[in-house]
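K.L.:
The whole structure should be built from the sequences, with the hints applied where relevant.
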Amino acid sequence: MSLDTQKLELFRDEIRLKTLKELYNLGFGHYGGSLSIVEALAVLYGKVMKIDPENPNWEERDYFILSKGHGGPSLYATLAAKGYFPEDLLYTLNQNGTKLPSHPDKNLTPGVDMTTGSLGQGISAAVGVALSHKLAHKDNYTYCIVGDGELNEGQCWEAFQFAAHHRLNQLVVLVDDNKKQLDGLTKDIIDPLDFVEKFNAFGFYVRRVDGASVQEIYEAIELGKAQNAKPIAIILDTVKGQGVPYLEEKADNHHIRPSEADEAAILSAVAELETKLGKGVKG
Amino acid sequence: MITASKNYELESVEMRQVYANTLMEMAKANPQVIGLEADLMSAISTNKIIKEIPNQLINTGIMEANMMGVAAGLSLTGRIPFVHTFGQFATRRAFDQLFISGAYAKTNIKILGSDSGVTAEHNGGTHMAFEDLGLARLIPNCHVYEVSDSTMLRYLLLKVEKEHGIHYIRTIRKNAVKLYPENEVFEAGKGKVLREGEDVTIIASGIMVAESLKAADILQQQGIKAAVIDMFTIKPIDKDLIVKYAQTTKAIVTAENHNIIGGLGSAVAEVLSEHCPTPMKRIGGKEQFGQVGKLEYLKEFYQLTASDITSAVEEVVMSKKD
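Read top to bottom, the protein sequences are chains U and A. First residue of the first sequence: 265, per my numbering; consecutive thereafter. First residue of the second sequence: 2, per my numbering; consecutive thereafter.
Because the hints were derived from the structure by calculation, they are not lab data. Every residue gets a Cβ at the ideal spot worked out from N, C-alpha and C, and that includes glycine. Treat the hints loosely; a few may be bogus.
Said to hold, decoys possible - Restraint-style ranges between C-beta atoms, simulated for each label pair:
| no. | chain 1 | residue 1 | chain 2 | residue 2 | range |
| --- | --- | --- | --- | --- | --- |
| 1 | A | E164 | U | D474 | 47 to 57 Å |
| 2 | A | L139 | U | T362 | 22 to 32 Å |
| 3 | A | L296 | U | G418 | 27 to 37 Å |
| 4 | A | S320 | U | L372 | 23 to 33 Å |
| 5 | A | E164 | U | G418 | 31 to 41 Å |
| 6 | A | E316 | U | P374 | 57 to 67 Å |
| 7 | A | E188 | U | E527 | 55 to 65 Å |
| 8 | A | I63 | U | D316 | 37 to 47 Å |
| 9 | U | N464 | A | N48 | 27 to 37 Å |
| 10 | U | F292 | A | P55 | 43 to 53 Å |
| 11 | U | F292 | A | K175 | 16 to 26 Å |
| 12 | A | E10 | U | N492 | 49 to 59 Å |
P.N.:
Right under this line is the structure:
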């Protein structure tokens with residue numbers, strides 16, 4: 265499959281824009297870890313996944329599980345961009361009675377395949393889905409994004425052992441290696457050492473790519489699928505707040521309640537993306 | 002009312018064989034049924050399933066948290082996972098997985114928690130769950146059962162296969178006392194009255210049902226007529242039946258192979274205190290952990306014998322006269 269990089273980058277920009285507006289409208293939220301997975305979501309929903317937004321529960325679809333559930337806002341932005349629900353719903357994020365809670369709930373939001381947020385659990389469910397497809401000799405893929413901080417959870421490594429043992433080659437795990445968790449740098453809290461070495465040792469096909477490059481992410485997924493023997497791990501070299509230089513540089517950017525300076529920077533990023541997408545500034 | 006045998010003989014078939022045979026039967030009839038084990042296949046006899054239909058029994062290895070999540074994932078694609086492990090691993094160890102990936106996500110998982118309470122015998126305190134019913138009961142919309150014989154176990158397995166949601170079934174692994182004829186039917190939320198009596202009602206579950214029947218025999222010789230209810234349906238519990246017998250007998254004793262906090266005794270006390278305050282005593286584990294030992298020793302140590310129930314009944318009947 266060839267890649268229309270320019271088209272995918274526009275989709276990426278749309279997701280980033282919607283994510284920023286959604287979070288800005290709420291007034292606080294998980295900016296850092298939502299923005300670091302935007303490129304991965306753009307590749308999955310813009311190119312590789314077999315889905316039907318008109319029919320979110322289509323039985324023949326590929327599944328996506330956001331194990332690092334606090335990245336929910338950018339998943340919602342992606343689903344809105346794909347037409348799973350109207351954009352207006354994004355501006356109900358975390359409001360009383362909303363269909364968009366900060367962490368995804370499969371029973372509330374069209375297009376959300378699994379309820380996540382208790383870290384370590386989404387990956388096990390993804391493994392269960394991939395196993396089910398394998399047992400049924402179906403060619404559907406299961407995609408799962410886990411956080412680098414999330415990989416502190418032992419359950420993830422249980423799931424990886426299980427996936428490798430059962431040769432779940434239709435499972436694609438994307439590690440959002442943004443190098444920070446809530447309390448600081450992952451290397452200072454629990455040093456993850458080398459994810460490539462670890463996933464290799466756990467029996468995965470593994471590649472490390474620039475997580476800000478839709479081209480590299482796409483190619484890694486295709487290469488992983490071509491090998492057809494092992495589950496696939498793609499280590500995304502990302503930064504928290506990705507794509508918004510001001511937020512990337514902000515030290516404490518896991519959960520932000522914007523200051524005046526933050527607000528100005530976020531609004532300027534929004535304006536820039538809107539100009540780029542040719543939509544003009546929206547109030 | 003069911004007239005239970007007064008012989009209190011052990012069944013010829015073990016509960017584990019009933020589980021494995023019923024699961025195999027369900028799996029053969031329905032390709033969506035799939036068993037999950039965390040390295041306890043040989044303990045519960047499901048190894049014969051993996052030999053015969055290997056795609057319908059998955060041994061995850063020793064990883065209960067992941068097993069519960071895999072079960073949730075399997076159910077997302079329409080499969081019906083039956084998860085087995087010892088009760089403490091199914092609840093204490095994998096509680097958040099059962100809670101979030103299971104009940105909160107509204108997935109479809111059937112859990113068999115085996116080796117209930119003192120029946121864990123030589124596995125001792127680390128493996129002796131006196132709190133699994135309490136934990137399961139705290140999970141919204143989780144159905145909680147404690148089975149008392151093989152007829153009931155088989156019936157409930159076939160029943161929960163057809164009902165979406167989280168169902169926790171607590172069992173012993175070996176032979177239970179025979180209580181029910183093979184054609185008996187059971188309903189969630191409906192306890193079974195095994196014996197009528199006007200002076201007191203003993204509400205029991207699991208292995209304590211047979212002990213309660215034995216206690217009722219002893220009490221009868223003393224002129225105390227005890228009704229006995231098998232309250233296998235811990236949640237939903239049979240509120241109407243509890244209130245009805247509390248009103249007629251005006252004294253209640255509960256008996257469970259579980260901590261008196263959180264399980265059957267608590268569930269009955271909650272019903273009584275809200276709907277029909279009644280003198281009651283609870284038989285079961287107190288502020289105690291498990292330990293190794295033979296079943297008879299453990300039943301005496303934790304005061305789970307017919308004689309302990311008899312004493313509790315005498316006390317509560319006396320207090321009624323005060």
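K.L.:
Could you run down the list of hints and mark each one as holding or not?
P.N.:
Comparing the hints with the structure gives:
1. E164/A <-> D474/U: 47 to 57 Å: This hint holds: roughly 49 Å between Cβ atoms.
2. L139/A <-> T362/U: 22 to 32 Å: With a Cβ separation near 26 Å, L139/A and T362/U satisfy 22 to 32 Å, so the hint holds.
3. L296/A <-> G418/U: 27 to 37 Å: 34 Å, holds
4. S320/A <-> L372/U: 23 to 33 Å: 51 Å, violated
5. E164/A <-> G418/U: 31 to 41 Å: For G418/U against E164/A, whose Cβ atoms are near 32 Å apart, the range 31 to 41 Å holds.
6. E316/A <-> P374/U: 57 to 67 Å: Since E316/A and P374/U have Cβ atoms about 59 Å apart, the given range 57 to 67 Å holds.
7. E188/A <-> E527/U: 55 to 65 Å: Once the Cβ atoms are compared, 60 Å apart, the range 55 to 65 Å for E527/U and E188/A holds.
8. I63/A <-> D316/U: 37 to 47 Å: 39 Å, holds
9. N464/U <-> N48/A: 27 to 37 Å: 33 Å Cβ-Cβ, so the 27 to 37 Å window holds.
10. F292/U <-> P55/A: 43 to 53 Å: Distance hint for F292/U, P55/A holds at roughly 50 Å.
11. F292/U <-> K175/A: 16 to 26 Å: 56 Å, violated
12. E10/A <-> N492/U: 49 to 59 Å: 58 Å, holds
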